[in-house]
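Peer 1: Top line first, the protein sequences correspond to chains A and B. Heads up: the first sequence begins at -12 in my numbering, then just goes up one per residue. Heads up: the second sequence begins at 591 in my numbering, then just goes up one per residue.
Derived lysine-lysine pairs resembling PhoX-like cross-links, with alpha carbons at most 25 Å apart:
1. B:K807 with B:K639
2. B:K703 with A:K88
3. A:K88 with B:K671
4. A:K221 with B:K617
Here are a few chain B residues that sit away from chain A, every Cβ distance over 12 Å (derived from the structure):
5. K639
6. V677
7. Y681
8. V789
9. Q826
10. Q827
11. Y828
12. E838
13. D840
14. R846
15. S854
16. A924
Residues of chain B clear of chain A, computed beta-carbon distances all greater than 12 Å:
17. I803
18. M851
19. K867
20. V876
21. N916
22. G942
Don't read these hints as lab results, they were simulated from the structure. Yeah, the Cβ is synthetic: ideal placement off N, Cα and C, and Gly gets one too.
So the chains spell out like this:
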Amino acid sequence: MRHCNLHCVTTTKKKPPAPWVEKYRPKTIDDIVDQGEVVQVLRECLSGGDLPHLLFYGPPGTGKTSAILAAARQLFGDITRDRVLELNASDERGIQVVRDKVKAFAQLTVSSTRPDGRPCPPYKLVILDEADSMTNAAQAALRRTMERETRTTRFCLICNYVSRIIPPITSRCSKFRFKPLARDNVIKRLREICEAEGVDVGNGEILHQAVDTCEGDLRRALTALQCCQRLLGKITAEGLIEVTGLVPEKLVNEYLSVKNYSELERFIENFLKEAYSAFQLLDQLAMIVVNAGQLTNKQKCTLAVPLLWLTIIHNDQNISVEVSDNEVGAH
Amino acid sequence: MSLWVDKHRPRDLMKLDFHKDQAIRLKNLVQQSDFPHLLVYGPSGAGKKTRIMCLLRELYGSGVERLRQETMNFTTPSNKKIEIMTVSSNYHIEVNPTDVGIHDRVVIMDLVKNIAQTHQIDSSGQREFKVVILNEVDDLTKDAQHALRRTMEKYVATCRLILIANSISRVIPAIKSRCLTIRVPAPTESEIASVLHIVCKKEGLSLPSDLAIRIAKCADRNLRRALLMCEACKVQQYPFTADQKVSEPDWQLFIRDTASMILSEQSPKKLGDVRQKLYELIIHGVPPDMIFAGLLKELVLNCDMSMKSKIASYAAKYEHRMRLGNKPIFHLEAFVAKFMAIYKKSLEECIGDMF
Ligand SMILES: Nc1ncnc2c1ncn2[C@@H]1O[C@H](COP(=O)(O)OP(=O)(O)OP(=O)(O)O)[C@@H](O)[C@H]1O
Ligand SMILES: [Mg+2]
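Okay, chain B solo, but in the shape it has when bound (with noise of 0.2 Å):
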């Protein structure tokens, strides 16, 4: 039994439930093969990976979901054996080149030429060329953007790059230069709303238009996490009921608690106990830059205007570091003793103008 992100899925472009006239575009775009690289971006949950596949079912037919998966294997210059899972079918690969970290160069470069240079033995009038996708491509290193650039150009008649990004702030301009930029903007509200009607109608359950919005708007504006709730909310009670409990994500609600920690008391040993709330959001994978984004939208109720701004350029400052380092807890550390100096300092401000 699969969950209803997986089961219901749209499969063809014409199928999907928002955004329909970009996805009539897609489809003009397909329709002749001199298209270019695409880098599609949007945030989590936006659908950006069902639009992708509606893509290649329009340009390959349904022979593209037939999917394996298999571990390559490659050598980087220093001889180090690394490996990394790929989805593939016959006309395209998928993989996650941040998952060999700091050798994503070396997984690009071989894998994009190999594919490249393996033409495809064109026997059924299919497409001339196959495709790669990238995922997460604003977290590959420089170096990695680097070795896409020319390979981008050199191998475009038999290699179609399909980069997929959250933002695309931090793609570097020589990539964007070479790609169809496309934007996935989160579902609002609404469409969200909409999409877990069709969802239960073809499930054979009556959802109230009331429970769909609550839903929808504790969902952040993420397709995937509404459809997950929904489909929680029917496992704890059915039929169901217009006011009937919503549950937040445990990790939102997690990181409300480690904010009233933080502004309950100021001292060392919070911090202490603050630092293992942070290490249990790591460890259960939650993205260190979510934990900054709740954080701050949080700690910020309570301030005026000026520590507002203040408090907002240090989390820029600190989550900028964690950027460029590689231990996201040192970072997230030291934005909370900021913030608590920067906070203890104005209540102590406060008491004493009252005397």
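Extracted from the complex, chain A is given alone in its bound form (with noise of 0.2 Å):
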């Protein structure tokens, strides 16, 4: 039962339905929203030039698997089943796979030419998704094939941690962060796609909206609005609220105004039989401290610390980083 599969980029005939995050996946790089500097880089590789060790990293959908999906299309063409391999993280990818599959596929040689005598680029590409669930004895051994192979194969490794990866492959690879993308570009692209799909969004307010409850991620944004869309017949904001999961308004203010142990206990009681997420509750309080403007900085770092600690407790992965940037940028 156990095999490690090729995946390849394939395009398929007649695609059965997909919801609108496949659908409207970017297929050429020029889809790709923001991420300016990966998609210059890869513009280049795409008109003759050479490609670098890459590393993708940055919060889910900013666009990490798709920019590498069209690039490798674009590149290989009708060929990308011969020279791209792609693993995930629901691939074996172990130290064992590591050492066998890939390295195999690494030593395989490759011509500039393509069947039909056409050029094509003189490598082969092996994209390891998610690499941040790797273990790092998996990545010691990619680390010796990366260094053996570089004239016939290149790496691409995305993560949304790159601190779980080891420096010796990190120092190897040109790095590029995935920012949460850019309000108004996030909207201009909810704003194409839903007049494709035929869907009113009136004066656009309610895209703002979506962009909000979303931070940035484009997959959690378009899901919310096609989920909304076939839930409700229509896009509205309490919609919005109820798809993506956000603790509504009413409630957090109910919390903050909670006197005494056993109000909090009857408020907490019936926050979790009506299904709330608790973290979901910290994550929007930091936002209230962090935006109120009647606290002083002083006061706004005091609450938001145990906050902070809290949330990173609670998720037991490096997101504070990106939490305290936020901080300091509102001072």
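Using the hints, put the two chains back together into the complex; each one sits in its own frame.
Peer 2: Laid out in structure tokens, this is it:
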């Protein structure tokens, strides 16, 4: 049952219906919103330049996977199947696989012409998506393969948390940070898609809200819009809050105005029975603290620090850097 | 003879007794085949599973109700053989990946790929995709959650996932960002009371409203528990009377007992007795986080505000540690010991103040 598939970036014939996020996944690198730096580098490769090893990192839904898939398709066209090996967290990627499969693939020799004689890049591409879930041992094995096979193989590693990648690898790659997408550009993209789907967005006010609720994650914004449309038949402010799992403002205020332990106990019991996410509440509270006009910076820090700790403990992940950057900016 | 909970489970989205608006919306959602993966979350007994089965019936017709149970075999990278129970129909398959503990990733990886790649031959104009239901996704290991990410995108055309969780707090952002999240709040007490009336009517029984309300209050907004309690009442005494005894679930009483033991004496010996009690609860399958919540609620009853918040934060701390480890008993006991220390000290200070 266990085998390691060679995943290919294929173009299927007639596509069964897929959610908007997949339907509108960028087909070429020019469709990628923002991320100018990366797009520029990829564009140069497309016009014949050499491709460095790449490391893409950044929060979910900012175009990392889309960018490399689009570039691969444009680079290799109909020979994508032979030239690209995509492995992600759902594939077995232990040290053994890196030693065997990846190495074997990397050692294949390739020519710089296609079967039909047209030119093509003289290398293969290994995409390791979601690389932050690879063990350090597997990464170390990967590093050796990377060193040895640079002549004919390029690697592209993708992850959310760059700190999970061992330094010998990061230092061999050109690193690109995918930033949360800029507001205006997300809105523009959402507007185009809504237009294509025949969805009425009125004066566009609602799109602003869609963007606010998903913090630069275009996938989340698109999913929210589509679901809202399908569930309610139209896109509304409350609908967006519900489908994105936000805690309604009314409840947040209720939480802030509890006066004693028994009230708190009652609030929390109800809050959890209503299935809201406590983590989400903390997140929203942190935002309120940061944006509160009437507090001094010092007060903000005192309040925000425990909130941040809770968030970090909870999430057990290195999101702290990002948040504290924002904090400093706000001061 | 089946229990009321199963016998009177609604099978059609439009026949669901509460959150009716949501049911209508779900019906709209699946009219077209381009909906995303779903992440359905809510406390236990809120009717998540019932809702999902109704949704599947809406998608595929009554064929999804012909269920079979099978065990599937997987092999881990280290060549360990693992087995897991599945429930499936021609259109869907359901598993509990947490049954295999830390090997959950292997199950998820292989299962989803297999299902997605054995493309359904579209004979009767059915849907182009199959559905995979994964239970308890909030308890999946981080590895397993990561394994879902790209898989979810890649196979979305041929395989839709329905993920079920009690809370989305512990689901990683990358997964949330790939799903439509559907919140299923626990039914309110009055919603529970009205379901009890409906069920009793179907059984040809007359249920006094006062009794219905008392059962609903006892059930802690858990519909399954309410129905079980109501059926137990019927066994104890019928015709019903408004003031008949409603027995609380055993384990709730048991936790309360344990709490009063802790309050009665704070000593190493007592701690030993309490440990026995905790073991018993765990052996009987009471989820450790419910033991924490139950104990906390009882223990802080007599405490002042500053002690309450202190104890609550310790409970949170030990509960968090418990989730990182895999021996709940240690963390429960550590919490009890901590509580005893704090409580005893405050009692002594109190007495000291009197002199
Ligand atoms: N920069 C972008 N330009 C255009 N579309 C985007 C962009 N970022 C995200 N999207 C939309 O969101 C979807 C998901 O993006 P993608 O798979 O590239 O995210 P990702 O960065 O790989 O996220 P993750 O870290 O969760 O894997 C795409 O199918 C596309 O519809
Ligand atoms: Mg990705």
